[in-house]
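Chain order of the listed sequences is A and B. If you use our numbering, the first sequence corresponds to residues 403 to 515, in order. If you use our numbering, the second sequence corresponds to residues 435 to 547, in order.
The calculated BS3-like cross-link candidates involving lysine-lysine, where the alpha carbons are at most 30 angstroms apart (straight line), are:
1) A/470 x A/456
2) A/407 x B/491
3) A/458 x A/407
4) A/470 x A/510
5) A/407 x A/510
6) A/407 x A/456
7) A/473 x A/456
8) A/470 x B/491
9) A/458 x A/510
10) B/491 x A/473
11) A/510 x A/473
12) A/510 x B/491
In silico contact screen, one side only, chain B against chain A (beta carbon under 10 angstroms); selected entries:
13) 438
14) 467
15) 469
16) 489
17) 490
18) 541
19) 543
Calculated directly from the structure, the hints in this document are not laboratory data. A virtual CB, placed ideally from N, CA and C, is assigned to each residue, including glycine.
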Amino acid sequence: DQQVKQNSPSLSVQEGRISILNCDYTNSMFDYFLWYKKYPAEGPTFLISISSIKDKNEDGRFTVFLNKSAKHLSLHIVPSQPGDSAVYFCAASAQGGSEKLVFGKGTKLTVNP
Amino acid sequence: KAGVTQTPRYLIKTRGQQVTLSCSPISGHRSVSWYQQTPGQGLQFLFEYFSETQRNKGNFPGRFSGRQFSNSRSEMNVSTLELGDSALYLCASSLDRVGYGYTFGSGTRLTVV
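Modelling step: build the complete structure from the supplied sequences, incorporating the hints.
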């Protein structure tokens, strides 16, 4: 039973445009959500997080939106840069982040120059 | 400060053998979690140790085990290796709370032949 789903295995966008990565979850106990970026041969790197008490969190070019009623979150990257090309994992946790992280299967983003 | 260090980086083992992977967390981090990454399944949680005690466990068979030492370094062991155990094994450390503030190592790539 996959509790965190990233339904798009891959996404390709042009440099300078917006990248939107989506994530759905099924467990209503999840209340803390994170996005990680992973380059080949490296471990995932934390990108941005959001608590369920918020519906939006921004950090530079990265914004995460949370729709609790739809159990959906999205990561917006504006503007997209070639260096953003990586696999992006959505992760969720319960108990305010004190429970284990449950990851989606990832979305491979390719930003074309 | 030094990041999370995993050794070895690459490993080739034969079916039926056992293997031990090592993880040195960031200094001061007391929580160490292990994840298995495979192309089809994404990152799957194996277990989490905090102050030498297993605090969380994923849905893996008993062939997968781990431990944590008093200096927070952790090892995971896989016995009676199967071809399907071929994966990237990632270790992540955090100060105390499991999900919040994870820092991942670069992983150990295990190939079972």
